[in-house]
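Colleague: The hints should help you fit chain B onto chain A, whose structure is shown.
Number of protein chains: 2
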Amino acid sequence: MEVVDENLVYKELERDDLEFFDFTDAKFKIFGLYEAGEYFNESLVKRMPQDIADKVNPGVAGHNRSAAGGRVCFITDSPTVAITTKVAPPHGANFSPISGSGYDIFVKEDDGKFTRKSVYRPKEDPSLPYSAAFGFDYTVIKPREMIINMPNYAGIEYLKIGVVKGSSIEPLNPYRTDIDPIVYYGSSITQGGCAGTPGNAYENIISRRNNIDFVNLGFSGNARGEQAMAEYIAGLKMSAFVLDYDHNAPGAVHYSKTHYAFYKTVRDANPNVPIIMITRPNGRVDPVSANMYLAVAKGSYECAKAAGDKNVYFINGFDLFGDEDPDICTVDGTHPNDLGFYRMAEVIGKVLDEALKNRK
Amino acid sequence: MEVVDENLVYKELERDDLEFFDFTDAKFKIFGLYEAGEYFNESLVKRMPQDIADKVNPGVAGHNRSAAGGRVCFITDSPTVAITTKVAPPHGANFSPISGSGYDIFVKEDDGKFTRKSVYRPKEDPSLPYSAAFGFDYTVIKPREMIINMPNYAGIEYLKIGVVKGSSIEPLNPYRTDIDPIVYYGSSITQGGCAGTPGNAYENIISRRNNIDFVNLGFSGNARGEQAMAEYIAGLKMSAFVLDYDHNAPGAVHYSKTHYAFYKTVRDANPNVPIIMITRPNGRVDPVSANMYLAVAKGSYECAKAAGDKNVYFINGFDLFGDEDPDICTVDGTHPNDLGFYRMAEVIGKVLDEALKNRK
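Heads up: the protein sequence lines correspond to chains A and B, in order.
Our numbering numbers the first residue of the first sequence as -5 and each following residue consecutively.
Our numbering numbers the first residue of the second sequence as -5 and each following residue consecutively.
Careful: at least some of the hints might be erroneous.
Intra- or inter-copy, both count: the list cannot distinguish identical chains.
Derived SDA-like pairs (lysine to any residue); straight-line CA-CA distance at most 20 Å [what the hints assert, rightly or not]:
1. 117 with 85
2. 159 with 11
3. 102 with 166
4. 107 with 340
5. 102 with 280
6. 258 with 228
7. 344 with 318
8. 154 with 19
9. 107 with 280
10. 102 with 279
11. 351 with 206
12. 107 with 318
13. 102 with 278
14. 107 with 279
15. 102 with 281
16. 102 with 318
Please keep in mind that the hints were generated in silico from the structure rather than gathered at the bench.
Isolated chain A (complex conformation):
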């Protein structure tokens, strides 16, 4: 079985025509992270203040150092964009090194759409540093807008971005400036597990479609609806909030005790921000549990409506994978694959668009 398909093998970058800049350099603009560049316990990035994450629970404290939702944005006329990086990788049988520790790059095409041009692929052992380059196939060389998505499941030990020497680089904001980011809170599914590539997590797909920035506060296995998290989120500047921790609440009773309280804390501080409540997408795998949790979240939504909330929305998780072959939308029964995430992006994106249009 030791016969090799060259397409499946990592290749080391060997070029001396490139110059590299730290991703925290002012040449780049970073989105989706609370902090980037201050080295903290195996990662240069944090998604929320570490002292608050520490208070929430140890799992949130740990996963706070993963780069989920992090993006590096810039404009360059370089015909090649390279990275050299070392990440603190996660391990799991249900995701690949690319899925957990890879990067992907999207370039704005002439039709105005950010289109994926390449994936930066870690080594088979994702704990090893790696470098990779992508040469663009454009016939006209001109400044182009680019987004590099950072790994959804890995901390960043270092990340440098390379361009052909002498190329222009400028920071880029590819997002609407008239609207604050969307904030997502939830479980591993929210964090992006197990999209095949970072940019295929549902938040990224939605963001490329609606051109709105976002913050990914998904904490694999550890989103338990704590009040400290609710208070932190309540204080964020945001255009909408997506609440989904169905899978991580330790029991329906706990879910019931925390769900409305979480919503209420965010709502009280943000009277006009649309709040979208979501339940698990893979409910068919364990319908008894899924329906119990569904009833809790639905009840919370009904309470909010009854209390006069005109900016609250509910998505029944059973609808997230659609009616056609929902059974094959996960990699392991729990985590969406790229088909599952794509369908989630369609359903959630539509509700978000509607909610943002109809804000009251």
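Modeller: Structure of chain B alone, referenced to chain A:
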């Protein structure tokens, strides 16, 4: 980063109420494999005669021992189905242990549809043996039809299937008996790289839809259109043949020299078998090369038509991912993710259905 999401972790099977049977036991029926049970160089399975594979090239000789397209089918009233297995796993940054070395199980529901009920997940190190069980959630216990898909990228050192002691087990043929299998020949994409789970490779999706058996002759990195392979395939009993080795032909000249000859060898021996020619699904990544190969295959198709062939079909690979976000349909630019495979299954499945209906 050492905080664990329990959903991402392998759990060892610990039950003593199960009895296990070798997958080659007469209680099961095996589909998609030429041979299963004769131990040969790290794998019990072969997809074609090893002596012919050896003649084709060393890559085909090696990948012939992977279980791509292999299925174990049976009827049981057991409320749990377990496996214990050791595989000769592949390695790649672009697939997960589940993707390369996992199994999945589909059960026929009351609506007549085979529905995925669970995934059997290898350990993080997929070279280690593992055991896993899935307990069904049915309230009525009765004999049910089941398909276990074998790993697309791994050889099988052993595989035993377990049921609750005393349960019934009978071999099952879940496929139409009035029609021969469909044969697919091609590259890693045909082999199933990099579907998230074995059953999400496009051939499996099509087979569950049209209830027709199939043989997967995808040879990662090594499908070069050799005449010896064409002659072997020409001798198979089949209802349709899908020809796709675009990605592995070493250059457009080689492709041009072998493509029509391959087709002609299969056609001469099978005058009425629909032959579907396909080009690479991810042509947008490297359109110059993709269009060159496309021209070759299209030319081959036009020649076949001009020679009076009424059972030949052509699928332009650029259509396989559709028009909406084709850029995010791969895991690495080359290999389809589950979104990509799903879209391929729709396009190829439709052409196959049409071709089988209109056979002349």
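Colleague: None of the hints should be skipped; say for each whether it holds.
Modeller: Consistency of the hints with the structure:
1. 117 with 85: both (13 Å within a copy, 10 Å between copies)
2. 159 with 11: within (6 Å within a copy, 66 Å between copies)
3. 102 with 166: within (12 Å within a copy, 52 Å between copies)
4. 107 with 340: Answer is within: at 17 Å inside a copy they meet the 20 Å cutoff, but 25 Å across does not.
5. 102 with 280: between (41 Å within a copy, 17 Å between copies)
6. 258 with 228: Close inside one copy (9 Å), not across copies (68 Å); limit 20 Å.
7. 344 with 318: both (19 Å within a copy, 16 Å between copies)
8. 154 with 19: Intra 9 Å, inter 55 Å, cutoff 20 Å: intra-copy only.
9. 107 with 280: Between copies only: 18 Å across chains, 38 Å inside a chain, cut-off 20 Å.
10. 102 with 279: between (39 Å within a copy, 15 Å between copies)
11. 351 with 206: within (13 Å within a copy, 48 Å between copies)
12. 107 with 318: between (28 Å within a copy, 11 Å between copies)
13. 102 with 278: between (38 Å within a copy, 15 Å between copies)
14. 107 with 279: Between copies, since 16 Å is at most 20 Å while 36 Å is not.
15. 102 with 281: between (42 Å within a copy, 18 Å between copies)
16. 102 with 318: between (32 Å within a copy, 16 Å between copies)
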